[in-house]
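Here's the letter readout for the chains.
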Amino acid sequence: MSARGTVQTRYPEVWKKYTPGQSAVRALWYIGIMFVAVWSVRHLDIPWFYFLDAHVQIMDLGTRMFPPLWSFIEVALPPLMETIHIATLGTIVTFFIAFPTAFLAARNTTPNTTAWLIGKFILVSTRSINTVVWALLFVAIFGPGPVAGIWAIAFRSIGFVGKLIAEAIEEIDEGPVEAIEATGASRLQVLLMGVLPQVLPVVYGTMVYRWDINIRESTVLGFVGAGGIGIQLYSSINQFAWSQVSLMLSLILVVVIISEFVSAAVRGKIT
Amino acid sequence: MSAETTAATTAQWSRPPLIKSTLLRHTITVLGLLYLVWSIGSLEVNWERVLDGLPRASNIFTRMFPPDFSRWALLTRGIIESLEMAFAATIVGMVLAIPLGLCAAGNLVPKPVYLVARSIIVLLRTFHEVIVAIMFVKIFGFGPLAGVLTLIVASVSFISKLIAEDIENMSSGQVEAIKATGASFPKMLLYGVAPQILPRYLGVSIYRLDANIRHSTVVGIVGAGGIGATLSATFSRYDYDFSLAILLAIIALVFIGEFFSTWAREKLR
Numbered sequence: 001m002s003a004r005g006t007v008q009t010r011y012p013e014v015w016k017k018y019t020p021g022q023s024a025v026r027a028l029w030y031i032g033i034m035f036v037a038v039w040s041v042r043h044l045d046i047p048w049f050y051f052l053d054a055h056v057q058i059m060d061l062g063t064r065m066f067p068p069l070w071s072f073i074e075v076a077l078p079p080l081m082e083t084i085h086i087a088t089l090g091t092i093v094t095f096f097i098a099f100p101t102a103f104l105a106a107r108n109t110t111p112n113t114t115a116w117l118i119g120k121f122i123l124v125s126t127r128s129i130n131t132v133v134w135a136l137l138f139v140a141i142f143g144p145g146p147v148a149g150i151w152a153i154a155f156r157s158i159g160f161v162g163k164l165i166a167e168a169i170e171e172i173d174e175g176p177v178e179a180i181e182a183t184g185a186s187r188l189q190v191l192l193m194g195v196l197p198q199v200l201p202v203v204y205g206t207m208v209y210r211w212d213i214n215i216r217e218s219t220v221l222g223f224v225g226a227g228g229i230g231i232q233l234y235s236s237i238n239q240f241a242w243s244q245v246s247l248m249l250s251l252i253l254v255v256v257i258i259s260e261f262v263s264a265a266v267r268g269k270i271t
Numbered sequence: 001m002s003a004e005t006t007a008a009t010t011a012q013w014s015r016p017p018l019i020k021s022t023l024l025r026h027t028i029t030v031l032g033l034l035y036l037v038w039s040i041g042s043l044e045v046n047w048e049r050v051l052d053g054l055p056r057a058s059n060i061f062t063r064m065f066p067p068d069f070s071r072w073a074l075l076t077r078g079i080i081e082s083l084e085m086a087f088a089a090t091i092v093g094m095v096l097a098i099p100l101g102l103c104a105a106g107n108l109v110p111k112p113v114y115l116v117a118r119s120i121i122v123l124l125r126t127f128h129e130v131i132v133a134i135m136f137v138k139i140f141g142f143g144p145l146a147g148v149l150t151l152i153v154a155s156v157s158f159i160s161k162l163i164a165e166d167i168e169n170m171s172s173g174q175v176e177a178i179k180a181t182g183a184s185f186p187k188m189l190l191y192g193v194a195p196q197i198l199p200r201y202l203g204v205s206i207y208r209l210d211a212n213i214r215h216s217t218v219v220g221i222v223g224a225g226g227i228g229a230t231l232s233a234t235f236s237r238y239d240y241d242f243s244l245a246i247l248l249a250i251i252a253l254v255f256i257g258e259f260f261s262t263w264a265r266e267k268l269r
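In order, the protein sequence lines correspond to chains Z and F. The numbering of the first sequence is our numbering, which starts it at 1 and goes up by one. The numbering of the second sequence is our numbering, which starts it at 1 and goes up by one.
If you're looking for bench data, these hints aren't it; they were derived computationally from the structure. It cannot be assumed that every hint is accurate.
Stated by the list, open to error - Distance condition first, Cα-Cα at most 30 Å in a straight line; then the derived DSSO-like pairs of lysine-lysine:
#: 1; chain 1: Z; residue 1: 17; chain 2: F; residue 2: 267
#: 2; chain 1: F; residue 1: 179; chain 2: F; residue 2: 111
#: 3; chain 1: F; residue 1: 267; chain 2: Z; residue 2: 16
#: 4; chain 1: Z; residue 1: 120; chain 2: Z; residue 2: 163
#: 5; chain 1: F; residue 1: 187; chain 2: F; residue 2: 111
#: 6; chain 1: Z; residue 1: 163; chain 2: F; residue 2: 20
#: 7; chain 1: Z; residue 1: 16; chain 2: F; residue 2: 179
#: 8; chain 1: Z; residue 1: 163; chain 2: F; residue 2: 267
#: 9; chain 1: Z; residue 1: 163; chain 2: Z; residue 2: 269
#: 10; chain 1: F; residue 1: 187; chain 2: F; residue 2: 267
#: 11; chain 1: Z; residue 1: 16; chain 2: F; residue 2: 20
#: 12; chain 1: F; residue 1: 20; chain 2: Z; residue 2: 269
#: 13; chain 1: F; residue 1: 267; chain 2: Z; residue 2: 120
#: 14; chain 1: F; residue 1: 179; chain 2: Z; residue 2: 17
#: 15; chain 1: F; residue 1: 187; chain 2: Z; residue 2: 17
Said to hold, decoys possible - Examples of chain F residues lying across from chain Z (beta carbon under 8 Å, computed):
#: 16; residue: 91
#: 17; residue: 140
#: 18; residue: 255
Said to hold, decoys possible - Stretches of chain Z that chain F covers, calculated by requiring three or more beta carbons in the stretch to come under 8 Å of a beta carbon on chain F:
#: 19; stretch: 27-41
#: 20; stretch: 50-63
#: 21; stretch: 143-152
#: 22; stretch: 155-167
#: 23; stretch: 225-238
Virtual Cβ for every residue (Gly too), placed ideally from N, Cα, C.
The shape of chain F in the complex, shown without the other chains (with noise of 0.2 Å):
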């Protein structure tokens, strides 16, 4: 073989693409594109004060460094109102999440039950933590009260989700069985249904107390309890180095947090 038919099969392989149609390939290309430039263009934009940014952020990061652990009682209050809340939330929403479930699994229920579940489902999901919190802020006046019930919410709408889906995917065999021997139906679920989700359930809630702990650090910065209202101060107040104290001691629980999930969801398997 010469090295022209090399050098010309060489030039004619490409990789597939990942669309197969070419009109189609080029046609979002083009309103990407299109819509990049619109987007930016849209958007309003003090370029003055964006270009000041780099000085900033250095002078920032240089007031940040050494982090100041000085006021440490004053953070270890709040981490442990965020710990509580989350604590709470996560019990609260565990009890709360099982009705709901069990209302939204299309194979125990009537359809108009199942369809209202899921909407509220969809309703509670929808809302980011934040917007909930402030709504909660409004009617409970600020503190963790409405930070705990904002997480609440989180934790139901995520937990009866999952445990709704693993209801419709469990076997039908075992709970036919239950219902052979003539048992209610609060006896099929405590005997049929509830053995095959249990695991699943206490995976999924493990999981949400992550969440929450992560969620309970900022649900703060509106009012609604633990270190967010702190960390949110210190960045108004420009106190820099007790921000990356609190940052750091947030990054700390969040790991401690994943990994004390990670553990025990594999023990649960």
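If we strip away everything but chain Z, and leave its shape as in the complex, we get (with noise of 0.2 Å):
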């Protein structure tokens, strides 16, 4: 009958996933996420009656923008070239600021602890604030147009590229370096013979990667006036123009698709 009894208290005849502590800590988890979700939704101060005629406003929406206006084609084609221009020079430019820091920032390649700081620094500080952010700075600096933009596009992208190529230098195998310094090799000659070769293929697709989601955000520098699509874009919808918005939003779409379409096609080749 004990026996019986241990059994059972082993090998329940219902089995449950989780012993009641671990359910009362998932609950506990539950009940703290629901909490901060009610309380951002509230502190937001929705205006919920919005919602009432929300479907009336998008089909009214929808209406305007169909069918798309094909002749303004004329109009949107130029600042689209400019804004796959913006991503493609922006890149570019990322690259001959993002390798160089890549190797201050890769423990293996920094001369000194100084340097890593500062590469990290630049890496981390570059990452974290928005391309949008950057193309305010920048159209202060340089005024509107697309110069702003491909600063803007670079500056963003030296973080990103940064990181992944320097995780790439952090990572190689250290035979080839070993054998290029036995042969009285230069520091120089040890990057460009040792290390370079084993993260080119990473850097080109990094770079690939980093192009395609560059052609999605330039579509938006045009907003703060940093040149592109992004200006026809605003001043469209600020007129209440939707069929030359519905127009310019399918160039965009067909342009992000073909690039994201190139862009793994080429890292699917590289790597």
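Got two chains here, separate frames each, mind docking them using the hints?
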């Protein structure tokens, strides 16, 4: 009887995944998350009555957007090209800044701790600030136009690209490096012959990946005056010219999907 | 070995190129250079204004220092609003992403459902948050509601895409075992699928919370609530020392968010 009881407690008929203690902890987590959610929503003071006619508004917007104003393509195409140029040139500028910074920020190639800290700081701070915020700053510096956009794209990408390259540098095989050092090569030669060939595929892959993200980012630079299709899009939205807006949104959709496809194909080839 | 032969062998060796075909390599280089010339030439740039940038930059930077934290009440209000937007959007996004993610998993649903769900995800993912934000601002007016909805759109597409991929990669054994007990479709999801994807679902959601915190600081630039509106106003008022204070606060917030997200995802593993 007692043996049977032990078996019963060890292998109860109804299987439960968690012990009562675990369940209690989980319940506390759920309550905590719910509390944060409810508090956030309440504190935001959302005007719920807006939702009452939201479906009408959206349907209205839909009918105004359709059909897209195809003839507007003549106006929209040049800024769209500018958007692509901003993304591409911005990514190229990124390369020249992120590449040396990555060598500073990688533990095994950095000359000393101060340089390492500086490298890390550059990577973290450029990555924390959004492209649009960088664009605000560069528009103030260079005035409205694509130059501000290129710098904004470049600065946001430095941290992203540099971080990934630095991680690749830290993960290299030390064998070739030691072999090159053993020949009496200088520091620069070791970097060029020992480290560089090992990280080059990652560098190209990361650049292409970031280029594809940058295409998407550069579509909104115009909202703060930093060039590209965003300028036209913003003015069409503000004029409530929804058929122009829907045309530009379709163009952006096509470009973003193509760039994602190209980027995936190139990365597939490289790595 | 004489010095001459050593020199000859070193001169001959070069690093193997990434692209093997010489023709393709040179074509890519030439096309790249042509593109550079064309793209730079086609940009409409006011070079005088750009060259004016250097003194302007030094002017802006001198005016940025020291950062002005005296309007901290405004700053904290904006930061808290951004945080609340991020939390609310992540939780709503997590809930909405489950049905969409299930529908976008090719091994669970019929082909038509799969295709519809996948195209919804692609459509939601394509447009930059700021574009989505401005559309919501036009529909719902200025304020955090537009921002929350924007972040919800971004969260739903991101989380559902990743959980769909995770469901497609899960092991089918567990699902078949549950099916063999005669379980219904919902029970199969609950006991066969959910336990397998739960860790990744939580991990992805925490990552998304971190991303939402970052994005909640910019949607305000087009009027969708949060600290972004304040930041954009300081730039247009040339109030650069307050801009720097806000930027430092954003960097700190992003840093804490990233730290928390890494810590929490590490714990889940």
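message: Taking beta carbons only, do three or more residues of the stretch 27-41 of chain Z come closer than 8 Å to chain F?
response: It holds: at least three residues are needed, and the stretch 27-41 of chain Z offers 6 whose Cβ sits within less than 8 Å of chain F.
- prompt: Given the hinted pair residue 179/F and residue 111/F, is their alpha-carbon gap at most 30 Å?
  reply: holds (21 Å)
message: Given the hinted pair residue 179/F and residue 17/Z, is their Cα-Cα distance within 30 Å?
response: holds (19 Å)
- request: Closer than 8 Å, Cβ to Cβ, for at least three residues: run that test on the stretch 50-63 of chain Z against chain F and report holds or violated.
  value: holds (count 5)
field: Restraint check for residue 187/F with residue 17/Z, where alpha carbons must lie at most 30 Å apart
entry: holds (15 Å)
- prompt: Given the proposed pairing of residue 187/F with residue 267/F, does the C-alpha separation stay at or below 30 Å?
  reply: Roughly 28 Å separates the two Cα atoms, so the pair holds.
message: So if I understand the rule, the pair passes when the alpha-carbon distance is 30 Å or less; does residue 20/F with residue 269/Z pass?
response: holds (12 Å)
- prompt: Is the shortest C-beta separation between residue 91/F and chain Z less than 8 Å?
  reply: Hint on residue 91/F: holds, closest Cβ of chain Z at ~4 Å, below 8 Å.
- request: Assess, step by step, whether the Cα of residue 16/Z is no farther than 30 Å from the Cα of residue 179/F, and give holds or violated.
  value: With a Cα-Cα distance of about 19 Å, the restraint between residue 16/Z and residue 179/F holds, given a limit of 30 Å.
message: Tell me if the interface restraint on residue 140/F is satisfied: Cβ within less than 8 Å of some Cβ in chain Z.
response: Cβ of residue 140/F sits 5 Å from chain Z, so the hint holds.
query: Under the criterion of a CB-CB separation shorter than 8 Å, is residue 255/F in contact with chain Z as hinted?
result: holds (7 Å)
- request: Mind checking the alpha carbons of residue 120/Z and residue 163/Z for me, to see if they're no more than 30 Å apart?
  value: holds (8 Å)
The structure fails hints 11 and 22 (numbered hints given earlier, in ascending order).
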